[in-house]
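*Asks:* Chain residues, written in single-letter form:
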Amino acid sequence: MRNRRLSESTLRGWIYDRKGRPLAYYRKNNSGEIDREYPMDSALAHIFGTDRGEPGLERALFGTESGAVTEVWQIIKGQTVEQKLNKDYSLTIDQDLQQAVVDQLKGNHGAVVIFNPQTGEVLAMYSNPSYSLKQVQDDESAWIKLDNDRKERPLLNRALNEYYVPGSTFKTLMMYTAFRNGMQNTRFNTAGGFSPPGCGRTITDDNGGCEACGDIGIDSAYQHSSNIYFSYLGTQLGGVKIRDTAKLVGLGAYDSVSGEGQGRREPEIWNASSKAIQNAIAPTESWLKAGPHSTRCELMYEGYGQGYASQMTPFQMAMLISVAANLDGRLMKPKIEMGRAPEMFSQVLTRDQAQTIRGIMNMVTEGGTGTSAMAPVIAAGIRSGGKTGTAQKDVPVIDPKTGEPMKKIVIEKDPKGKIIGQHQETVFYDKKRSDAWYLSFAPLEKPVMAMAVLLEGPGPGISFYGGKNAAPIAAQLILKANALGYFGAAGIPNNQPASPRTSPTPRRNR
Amino acid sequence: MRNRFSSHLLVLLALVAIEVVGYYAIHRAAMIRGYETSVIGAARDLLMYFPIIVMALWVSAFKKFKGNWVLFTTAILLFSIGLLVQYRLYSDPEYNARNKAAARQEKTDTLRMRYINQNYDAAKRQVMGLPATPPPVEQEAPVKESNYTLGNALTSSYTWIPVFSLIAFALAFAFCVNDSFLSWIQRNSFIVVLLTLIPLGIAIVSSSAGKAVGNTTPWEPAKVPFLLGFAGILTARYKDLARTYWGIPPFLCAEGLWPDADLQRGLCNVVSRCRAPLAATPGFRWLSLSGDLNFGHRRTAARHSGEVSADSDHCAPRSARFAVSHSTAISSLA
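Here the protein sequences come in this chain order: V and B.
Under numbering that gives the first Met the number 0, the first residue of the first sequence carries the number 0, and numbering increases by one thereafter.
Under numbering that gives the first Met the number 0, the first residue of the second sequence carries the number 0, and numbering increases by one thereafter.
Keep in mind the hints are simulated off the structure, nothing from the lab.
Among the clues, some could well be false.
To be verified - The following residues of chain B were derived to be distant from chain V, with all beta-carbon distances above 12 Å:
| no. | residue |
| --- | --- |
| 1 | 38 |
| 2 | 74 |
| 3 | 122 |
| 4 | 128 |
| 5 | 177 |
| 6 | 187 |
| 7 | 206 |
To be verified - Derived EDC-like pairs (lysine to aspartate or glutamate); straight-line CA-CA distance at most 16 Å:
| no. | chain 1 | residue 1 | chain 2 | residue 2 |
| --- | --- | --- | --- | --- |
| 8 | B | 123 | V | 34 |
| 9 | V | 27 | B | 108 |
| 10 | V | 27 | B | 93 |
| 11 | V | 133 | V | 254 |
| 12 | B | 123 | V | 87 |
| 13 | V | 467 | V | 444 |
| 14 | V | 18 | V | 95 |
| 15 | V | 86 | B | 120 |
| 16 | B | 123 | V | 36 |
| 17 | V | 150 | V | 403 |
| 18 | V | 274 | V | 214 |
Beta carbons: idealized from backbone N, C-alpha and C, even for Gly.
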């Protein structure tokens, strides 16, 4: 009771962006009441959260449990008690960049996550569609309506908590694994595709043949996004090497698809001042099947981002690209609170390996699958690196009456045709939805932004591509960051390298 | 604490001091929340301690009361807590408001504005749409001022009910130290209990929405004749009750009430069938011995270890054997 009253009557602290502009503050309205205002409203709804549903930063930063309660003698003395509840916070979010992300995602379902790869700072993170914090705050029925919207799912933070098939962007992990294990010079003749014995399928590129044909190396394969090469590379690397690298980049790697822990929240990935903050913005753990029991056929698919590598969040993919974008080849723990010292999550690559990989990624934007989309960036004199990805995903048919995925009853029969049972199955569209990815970092010389752009395809069977649809958004965001001064020496805030006191965070065995 | 009047008087004075602090805290907390508590009401409440202390002095000095003061002090302690809680509740506009949500919101807004005025800098205030400089603290007037007047206090049931109670207490004391009055009550106790029906009848007629005169619970006056009559009945039937050890089941006597050998002997005297408690006794002692080696505070048992079963009749052989074989045990129990 005391805490409830306290939280009602005590003002929360204000939340500022990295440049000191208020993102959540109080304002006296016309009727004299003091209202919590959110200038960016829906742009930060998933990060801030509301008093309903799962807590976001608003509740994590200013929970009553985080501070002492005022005592009688303090009231008598007229003493104001300093509590976390009313302490102001600055986030690493850049209001302008966040707004640019919102503008770019308008009309699309998807998510964008932008890190500073040198420090782990989250510069922008947004999931579309979103919802109005103000509306939900004032109207409980609005919340219920949002919660029941199974088609649009506006309450879902797609950046942190939705799985997507990574498609070709996953080749980045394969490339890291190859470099880490001295297999970066592996060559393969892609002519005729790749058909490992016993798997019953020949892997080809998107054109049905090979896009980079002949005896190619990892650079050319990555530049032209060769499914054939990376499928072969996956089988050569083996499950154990892939697993080891996966763990270093924050992925869950399991030797079985039916094990426990898959799909758990991963709060410990954050460099944050409290567990409450970590939990409030905890990503769902992205995972793949990799280990000593991975079969060649499984690795064949995982090599180019299909099969059992289909559970990736945009947040995880942004972390993945951050490794190469980090000058030292480190994965920095993401952080959203300003003023916290950077912490390293793991040392994935050597400095030289990271530099080489950045060079290969640059080839994607200057002669590879991302070239046309990155033309305005190149025209602005900015060199960047990236990776396109297009992935097909089954999508359920939504019943317009209930708003729920449609189900059908399937009759089970024995070989003689006798009915032995029945079960329900979700109905999927015949054609798959194409989701578009683009992983990117800029500038090439000293990256200060590493991002993942994910766009859900507009519908089943509609053409949608990473290079054509997602990469132009990344290009606009790079230009915006440049306009905001991030790429100039003076415009790079908090760009200090990782503190040497940090050490790799031990990962639990999976 | 020794049962001396001076000690209890000190407790009373300490209670007054704590009450003063409590009233000030409530007043201060109310001002912070934008309403004013009644100073007159607080003064009236605190002045209640004057007749209480006078009463205590009268009972001690003039009536030469030498009994136990704990009951009196405890009653005043409870009265003090009630007084403070009532002051807190009835001063709060939220407690009395029809629209409690709106009243709470008013308090919340006042608290928030106060916090803003004290802690927000000019820049934040301007963003909020407030003047850069907050008003001086001394200019902060409570949103709701108390309208409790001296007239209200003088005519309030909250004033007169405690005064009436104290007078009733004085009268009751004066009567109850009188043997002829006690004898009369004892003789007519059943009639006195029946008098309970009169205030109950009045309560039925006069009460409304669970309240009667002075916003009191309607059955309060019925307690007086009931308790008086019941006390009379108890004293009249004292010997009969004592024979059943005040209605306590015998097995509890052995396990729960095991003070010393005196009690054991007493049990054998008053309980007609003492076989059961005594049968449980060795088991209980065995439990005590196995876990406890420091029973030094039970000295009575040691004093009576040699005469444990001396006065017992049909319990004697069993108890005596026990006493002999466990004499050291009894000693250590003591």
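*Asks:* If you test the structure against every hint from before, which numbers come out violated?
*Replies:* Hints 3, 4, 10, 11, 13, 18 not satisfied by this model.
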